[in-house]
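Novice: Take a look at the letters that make up each chain.
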Amino acid sequence: MAGEVPNLEASKLTALVVDDNFVNQSVHHKLLDRLGIKNDVVSNGQEAVDVHCSGRNYDLILMDMDMPIMNGIQATRRLREMGIESKIAGVTTRAEEEEVKEFMEAGLNDFQEKPLTISKLVSILHNLELYVQT
Amino acid sequence: MDAHVAQLQMQYRNYILSLYQQGFLDDQFTELKSLQDDGSPDFVAEVLSLFFDDCVKLVGNMARALDQIGTVDFCQVGANVHQLKGSSSSVGAKRVKGLCINFKELCEAKNYEGCVRCLQQVDIEYKTLKAKLQDMFNLEKQIVQAGGIVPQVDIN
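Protein chains in written order, with the numbering used here: chain V, 105 to 238; chain C, 5 to 160.
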């Protein structure tokens, strides 16, 4: 896969970036753009919940763990309670086993340690069967 | 090829390599550069600008928290360190990220003097990186103005 960046524009996948850090927002947005995945960005878990309450839906949610107002664990739980079946991938710098376990148990489908790269993002898409190599 | 352009390009390559060799940058910076394209020609500069704004804000927060001598909220300091670790990691600011890892441990140990010293190091380190990257951008500008193309640098 080295050097190969799949173009998923034709797949019409959509994603939501949930992260309070502007640097990470910018990088994650660009990574998804590079793969041809249309994406929105929100700054905390509450905004992620609100955007779904407004009727938006996404194929993939990239969820940070530590955020003000509502963190990633709380937001993931809330979205699952709301019946949101989107694939949710936790993306965080925290990698202690207990922390990852708690995050996964909140309802994640996958987890990747930051910093996010194209290859980690492609790995998420493969793991979640959102991208099938032709 | 114009000799002046070739010389500038060589200077640029060596400078970039030195930034990696001296530990200022890591692979994530390479990833960032690879995301820059014709559609977003200033992507790296824009993200770095956000990062250095973040540094100013977070270092300020930490300094204010550590100024509360006797009642320092080490959890608050730690939360800011965590934020800085996240953003430095996302741009490939290797030394800043490394300092944040130590800093976090010092916060957990409630080591006041250690935290103060570490914050001073973080302050110096991000400002040093900022200056070095500004030099990098200046070299890129010189190459373009001389009619050349900024070379891709293979750091492996």
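No lab work stands behind these hints: they were computed from the structure. The beta carbon of each residue, even a glycine, is placed where N, CA and C say it ideally should be. Among the hints, a few may not be true.
Okay, the calculated bits of chain V under chain C, using three or more residues with CB under 8 angstroms as the criterion [as the list claims (entries may be wrong)]:
no.: 1; segment: 144-158
no.: 2; segment: 178-187
For lysine to any residue, the following SDA-like pairs were computed, each having C-alpha atoms within a straight-line distance of at most 25 angstroms [to be verified]:
no.: 3; chain 1: C; residue 1: Lys145; chain 2: C; residue 2: Asn18
no.: 4; chain 1: V; residue 1: Lys134; chain 2: C; residue 2: Lys37
no.: 5; chain 1: V; residue 1: Lys134; chain 2: C; residue 2: Pro45
no.: 6; chain 1: V; residue 1: Lys224; chain 2: C; residue 2: Lys145
no.: 7; chain 1: V; residue 1: Lys116; chain 2: C; residue 2: Asp41
no.: 8; chain 1: V; residue 1: Lys116; chain 2: C; residue 2: Asn18
no.: 9; chain 1: V; residue 1: Lys142; chain 2: C; residue 2: Pro45
no.: 10; chain 1: C; residue 1: Lys114; chain 2: V; residue 2: Asp170
no.: 11; chain 1: C; residue 1: Lys61; chain 2: V; residue 2: Val145
no.: 12; chain 1: C; residue 1: Lys145; chain 2: C; residue 2: Ile159
no.: 13; chain 1: V; residue 1: Lys142; chain 2: C; residue 2: Lys131
no.: 14; chain 1: C; residue 1: Lys114; chain 2: V; residue 2: Arg198
no.: 15; chain 1: C; residue 1: Lys108; chain 2: V; residue 2: Met208
no.: 16; chain 1: C; residue 1: Lys37; chain 2: V; residue 2: Lys205
no.: 17; chain 1: C; residue 1: Lys37; chain 2: V; residue 2: Gln129
no.: 18; chain 1: V; residue 1: Lys205; chain 2: C; residue 2: Asp41
no.: 19; chain 1: V; residue 1: Lys142; chain 2: C; residue 2: Glu50
no.: 20; chain 1: V; residue 1: Lys224; chain 2: C; residue 2: Lys61
no.: 21; chain 1: V; residue 1: Lys205; chain 2: C; residue 2: Glu112
no.: 22; chain 1: V; residue 1: Lys224; chain 2: C; residue 2: Asn18
no.: 23; chain 1: V; residue 1: Lys224; chain 2: C; residue 2: Tyr24
no.: 24; chain 1: V; residue 1: Lys134; chain 2: C; residue 2: Tyr24
no.: 25; chain 1: V; residue 1: Lys134; chain 2: C; residue 2: Lys114
no.: 26; chain 1: C; residue 1: Lys108; chain 2: V; residue 2: Gln129
no.: 27; chain 1: V; residue 1: Lys134; chain 2: C; residue 2: His86
no.: 28; chain 1: C; residue 1: Lys37; chain 2: V; residue 2: Leu112
no.: 29; chain 1: C; residue 1: Lys131; chain 2: V; residue 2: Met208
no.: 30; chain 1: V; residue 1: Lys134; chain 2: C; residue 2: Glu35
no.: 31; chain 1: C; residue 1: Lys61; chain 2: V; residue 2: Ser147
no.: 32; chain 1: V; residue 1: Lys224; chain 2: C; residue 2: Lys114
Novice: All the hints need checking, so say for each whether the structure fits it.
Specialist: Against the structure, the hints:
1. For a cut-off of 8 angstroms, the count of residues in the segment 144-158 of chain V with a CB near a CB of chain C stands at 0, and the three-residue condition is violated.
2. Coverage of a stretch by a chain is defined here by at least three residues with a beta carbon nearer than 8 angstroms to that chain's beta carbons; for the segment 178-187 of chain V and chain C the count is 0, and the condition is violated.
3. With a CA separation close to 16 angstroms, the supplied pair Lys145 (chain C) and Asn18 (chain C) stays within the 25 angstroms bound.
4. For a cut-off of 25 angstroms, the pair hint linking Lys134 (chain V) to Lys37 (chain C) stands: about 11 angstroms separates their Cα positions.
5. Under the criterion of a C-alpha separation no larger than 25 angstroms, the hint pairing Lys134 (chain V) with Pro45 (chain C) is consistent with the structure, at around 12 angstroms.
6. As the CA atoms of Lys224 (chain V) and Lys145 (chain C) are separated by approximately 32 angstroms, the hinted pair breaks the 25 angstroms bound.
7. Distance hint between Lys116 (chain V) and Asp41 (chain C) is fulfilled; the C-alpha atoms sit about 22 angstroms from each other, no more than 25 angstroms.
8. Taking the CA atoms of Lys116 (chain V) and Asn18 (chain C), the gap is near 42 angstroms; set against the 25 angstroms cutoff, the hint is violated.
9. Between Lys142 (chain V) and Pro45 (chain C), the direct Cα distance comes to roughly 20 angstroms. Compliance with the 25 angstroms bound is thereby established for this hinted pair.
10. For the given pair, Lys114 (chain C) sits about 21 angstroms from Asp170 (chain V) by alpha-carbon distance, which is consistent with the 25 angstroms threshold.
11. As the CA atoms of Lys61 (chain C) and Val145 (chain V) are separated by approximately 21 angstroms, the hinted pair is consistent with the 25 angstroms bound.
12. For a cut-off of 25 angstroms, the pair hint linking Lys145 (chain C) to Ile159 (chain C) stands: about 21 angstroms separates their Cα positions.
13. Distance hint between Lys142 (chain V) and Lys131 (chain C) is unfulfilled; the C-alpha atoms sit about 35 angstroms from each other, more than 25 angstroms.
14. A C-alpha spacing of about 20 angstroms is found between Lys114 (chain C) and Arg198 (chain V), which places the hinted pair at or below 25 angstroms, so the restraint holds.
15. Distance check on the hinted pair: Lys108 (chain C) and Met208 (chain V) sit about 24 angstroms apart at the alpha-carbon level, within 25 angstroms; holds.
16. The suggested pairing of Lys37 (chain C) with Lys205 (chain V) is violated, with an alpha-carbon distance near 33 angstroms, which exceeds 25 angstroms.
17. At most 25 angstroms may separate the alpha-carbon atoms for a hinted pair to count; Lys37 (chain C) and Gln129 (chain V) meet this at roughly 16 angstroms.
18. For the hint pairing Lys205 (chain V) with Asp41 (chain C), the CA-to-CA distance comes to about 38 angstroms; that exceeds 25 angstroms, so the pair is violated.
19. Proximity of Lys142 (chain V) to Glu50 (chain C) is assessed by CA-CA distance (about 20 angstroms); at most 25 angstroms being required, the pair is judged to hold.
20. The suggested pairing of Lys224 (chain V) with Lys61 (chain C) is violated, with an alpha-carbon distance near 29 angstroms, which exceeds 25 angstroms.
21. Of the supplied pair hints, the one linking Lys205 (chain V) and Glu112 (chain C) holds, its CA atoms being roughly 22 angstroms apart against a limit of 25 angstroms.
22. This hinted pair does not check out: Lys224 (chain V) and Asn18 (chain C) have alpha carbons roughly 29 angstroms apart, beyond 25 angstroms.
23. For the given pair, Lys224 (chain V) sits about 22 angstroms from Tyr24 (chain C) by alpha-carbon distance, which is consistent with the 25 angstroms threshold.
24. For the proposed pair Lys134 (chain V) and Tyr24 (chain C), the alpha carbon gap of about 23 angstroms is at most 25 angstroms, so the pair holds.
25. With a CA separation close to 38 angstroms, the supplied pair Lys134 (chain V) and Lys114 (chain C) exceeds the 25 angstroms bound.
26. A distance of roughly 23 angstroms separates the Cα atoms of Lys108 (chain C) and Gln129 (chain V); the hinted pair therefore holds under the 25 angstroms criterion.
27. For the suggested pair Lys134 (chain V) and His86 (chain C), the alpha carbons sit about 23 angstroms apart, so the restraint of at most 25 angstroms is met.
28. Restraint check for Lys37 (chain C) and Leu112 (chain V): the C-alpha separation of about 21 angstroms stays at or below 25 angstroms, so the hint holds.
29. Between the alpha carbons of Lys131 (chain C) and Met208 (chain V) the distance comes to roughly 37 angstroms, so the proposed pair goes past 25 angstroms and is violated.
30. For the hint pairing Lys134 (chain V) with Glu35 (chain C), the CA-to-CA distance comes to about 11 angstroms; that is within 25 angstroms, so the pair holds.
31. For the given pair, Lys61 (chain C) sits about 17 angstroms from Ser147 (chain V) by alpha-carbon distance, which is consistent with the 25 angstroms threshold.
32. The hinted pair formed by Lys224 (chain V) and Lys114 (chain C) fails the criterion: a straight-line CA distance of about 35 angstroms is larger than 25 angstroms.
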